[in-house]
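Based on these hints, arrange chain D on the given structure of chain Y.
These protein sequence lines map, in sequence, to chains Y and D. Be aware that the first sequence starts at 1, since it is given in the numbering used here, and climbs by one per residue. Be aware that the second sequence starts at 1, since it is given in the numbering used here, and climbs by one per residue.
Honestly, the hints are just simulated from the structure, not real lab data. Model, not experiment: these values are computed from the prediction. Treat the hints with care, as some may be off.
No copy labels: a pair is met if it fits in one copy or bridges any two.
[Said to hold, decoys possible] With a straight-line Cα cutoff of 27 Å, these simulated DSS-like cross-link-like pairs (lysine-lysine) come out:
| hint | residue 1 | residue 2 |
| --- | --- | --- |
| 1 | Lys363 | Lys152 |
| 2 | Lys152 | Lys63 |
| 3 | Lys424 | Lys10 |
| 4 | Lys382 | Lys193 |
| 5 | Lys198 | Lys382 |
| 6 | Lys383 | Lys152 |
| 7 | Lys424 | Lys386 |
| 8 | Lys363 | Lys423 |
| 9 | Lys10 | Lys386 |
| 10 | Lys10 | Lys63 |
| 11 | Lys152 | Lys190 |
| 12 | Lys363 | Lys424 |
| 13 | Lys198 | Lys10 |
| 14 | Lys355 | Lys424 |
| 15 | Lys423 | Lys355 |
| 16 | Lys382 | Lys363 |
| 17 | Lys10 | Lys152 |
| 18 | Lys424 | Lys382 |
There are 2 protein chains.
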Amino acid sequence: MPRITPRTLKGFRDYLPQAMLPREALIATARDVYRSYGFSPIDTPALEYLEILSGNGSDETDKQLYHFTDNGGREVGMRFDLTVPLARFAAQHAQELGLPFKRYHIATVWRGENTQRGRYREFMQCDFDTIGTESAASDIETALVIHDLLQKIGFERFTIRVNHRGVLNGLLENLGLADQALPLLRALDKLAKIGPEKVAAEMERTAGATSQQTAQVLELAALTGSRDEVLAALRPMVAGSETGEAGAERLSEVLGGIRAAGVPEERVELDVSIARGLDYYTGMIYETFLGDLPGIGSVASGGRYDNLTEAFTSQRLPGIGASLGLDRLLAAMEELEMLPNARTPAEVFVPLFNKEMLGPLLKITTDLRAAGLRVELYGDAKKLGKQLQYANRRGHRIAMIVGPDELAADDCQLKNLADGSSKKVALADAAREITLLLEGGDD
Amino acid sequence: MPRITPRTLKGFRDYLPQAMLPREALIATARDVYRSYGFSPIDTPALEYLEILSGNGSDETDKQLYHFTDNGGREVGMRFDLTVPLARFAAQHAQELGLPFKRYHIATVWRGENTQRGRYREFMQCDFDTIGTESAASDIETALVIHDLLQKIGFERFTIRVNHRGVLNGLLENLGLADQALPLLRALDKLAKIGPEKVAAEMERTAGATSQQTAQVLELAALTGSRDEVLAALRPMVAGSETGEAGAERLSEVLGGIRAAGVPEERVELDVSIARGLDYYTGMIYETFLGDLPGIGSVASGGRYDNLTEAFTSQRLPGIGASLGLDRLLAAMEELEMLPNARTPAEVFVPLFNKEMLGPLLKITTDLRAAGLRVELYGDAKKLGKQLQYANRRGHRIAMIVGPDELAADDCQLKNLADGSSKKVALADAAREITLLLEGGDD
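Isolated chain Y (complex conformation):
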């Protein structure tokens, strides 16, 4: 028969076990942490009416949308993020959900990205949001969730940078530059890249700011020190502006709450230079950087928004949320050698000596599983060396060898596949001995 070349589309990828195992572990950790704060899972369709997806989006988004006409003549699109679906979902089900509504959503999205920039056209997002409250508690909780996530994943050195959009807006109000916020923020966003002189020049050019005004904006953005020092320094700069004072007050509450919850001081930094996009966020903003790999960019980001659902309903739904950057985190973990090298979830491998041993080994492996172990029983009675080669390649950690002699003597060989060492134990003790060996290996 004519054969079709097996291949994936450009910008799409297969996940082999070695890549998928740490992915599933990371997602499980995110799920556990989200749940521990009372966030509930939801899911929405991959396909939506095109007008739902593009109604809210920018031109850039529209260009990247996968869309087509379905067999029923409907214009449909594949979701490109989880925020627009959340807005549609919240507007549609608000009555039934009740407020505040805390949800997490871990799902695939599609974007026709330019793959030359190393981007994929299919990837997973991992969002959590609290909708229907403006409470400081939900702002604080967002930072706590990010903190727990990073810690549970296994990072010790990381910094959550927080800011409030009202602070800079307040200063601009005081300087009479409120109407020029957009070009000023655009310029300020380039601070780390092009330095203060060039930013000042751009501000003067695009926003018509005086050199004295730009100096004050840059002074705010340059504030450093402890959280309390930065807070003390910025308060006078925004004094008199309602927006600015409210922003500073909320920052103070949020930082106090994070401290009260017991988060180590060095893990949360007040960084008045971060802005995170120009239009969307209206209150607190969060970015998270790894101490050992800051250059990889923020691995968990988010913020507060005024009104999620305005495209769909007149009911005003403010909210706050953030997103864990799965791909970026996995890349970082790989670079930092935090990922195991296994291609199998089963720690234990049991070779098959001969066909007659199959019955007894089925019983023995069933008992090991009942004791909580993950066990692969090889199905073909090939040469032992071949079977152990398979086990080594897969990354099983322990081979439990039971041949006819061992079975007759009610014992077995436990072979540590990492170092080749071996140990004879009674069959009745095997589950306990294997558990001990595995725990030892984890240290």
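Just chain D now, kept in the frame of chain Y:
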């Protein structure tokens, strides 16, 4: 601004927390069981080249495929099952994967189904397969995995029906009807629905079988009794046919292995009447029925196939696999009242008395989480009654009430939200006391 009506496409659905929580629990159970046998996770793209998806499929499948031309002019389609992607994946990565290869794949698929039959156009499949071996061990393991799945999900009364395609084929060979297998199987598939007389009539009409031949086919299909009795009865019927004898021999090995592994006899039945589709399976076949809801149909099905990858490569890859019917199982669990009614994963609810309590409660809830509890802290200091109403509606199980007086006295009220009972305990004992209350409630 003009508003867009929030709605989902016909045949698509949102999952609200109440539906999503049991879904996630079921998927987690499936994942745990698959892993416990050494099956590894993989994932493949939702979008594939159209020729990959339709090359293997039937006309029926092609009609249901969501497909379109992407911005790069490629003809692409959304996967309609996980088997075709597995075939493409295995052919593409065989060298790197090594054989045998055991994978599970839990992912969404799309089909433009007729929604009038109550079908959805987007649903999740939950497959496991072993590729590259014809061993009896992998046939046995397939039944063991299904057994563990059903048991871990919480079912006690269920039957896995097994058969081997070679048995009926062997009989047909002996009857000189091998060339008429297709119309005969089609007729036989209707046995439960239309009864033996009408099946016999159809066999005579469409396959040109004599009444004596149809009587023998129906005699085979009607065999009942214990596994050993059925096996003993069918052996003489297939004697002399290589296919039939090999099928009977494999059935005997598989049933023996399932018994050796300790599966209770009543949970596995040899049912020579099941055929499961006409073309695909070539060896063992499996169906699973719930004792309390047999009418819902098979909740876990699968079988052995000769060559998964023939559309993509000349390398012959036989395999065996099965699939857990998530939607059907969830429907059954709902009908059997096996699903909890909660809309939140958090057992514990902590109301906020006033803003001054926020700091202490952040510390207290952090400590509860560190003790392994899932805790939602309410963020707005509304009236206690309102907050408890929210907690009741969400399905939190215990409210931990700490007002200023309790804080001063280092204690708290634990309120059982199901029965309204209340208990005062020291703050230091709260985590332990809550854990005890929750365990009591689970009994």
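A quick look at each hint next to the structure:
1. Lys363 - Lys152: Close across copies (18 Å), not inside one copy (36 Å); limit 27 Å.
2. Lys152 - Lys63: neither (37 Å within a copy, 46 Å between copies)
3. Lys424 - Lys10: Neither, since 52 Å and 62 Å both go past 27 Å.
4. Lys382 - Lys193: Answer is neither: 60 Å inside a copy and 46 Å across each miss the 27 Å cutoff.
5. Lys198 - Lys382: neither (70 Å within a copy, 49 Å between copies)
6. Lys383 - Lys152: The answer is neither: 42 Å in one copy and 35 Å across copies each exceed 27 Å.
7. Lys424 - Lys386: Within. Shortest intra-copy distance 21 Å satisfies the 27 Å Cα cut-off; inter-copy 63 Å does not.
8. Lys363 - Lys423: within (21 Å within a copy, 48 Å between copies)
9. Lys10 - Lys386: neither (37 Å within a copy, 53 Å between copies)
10. Lys10 - Lys63: both (17 Å within a copy, 25 Å between copies)
11. Lys152 - Lys190: Result: close neither inside a copy nor across copies, 33 Å intra and 55 Å inter.
12. Lys363 - Lys424: Within one copy only: 19 Å inside a chain, 49 Å across chains, cut-off 27 Å.
13. Lys198 - Lys10: neither (38 Å within a copy, 53 Å between copies)
14. Lys355 - Lys424: within (23 Å within a copy, 63 Å between copies)
15. Lys423 - Lys355: Within one copy, since 25 Å is at most 27 Å while 61 Å is not.
16. Lys382 - Lys363: Within one copy, since 20 Å is at most 27 Å while 58 Å is not.
17. Lys10 - Lys152: Result: close neither inside a copy nor across copies, 34 Å intra and 40 Å inter.
18. Lys424 - Lys382: within (23 Å within a copy, 65 Å between copies)
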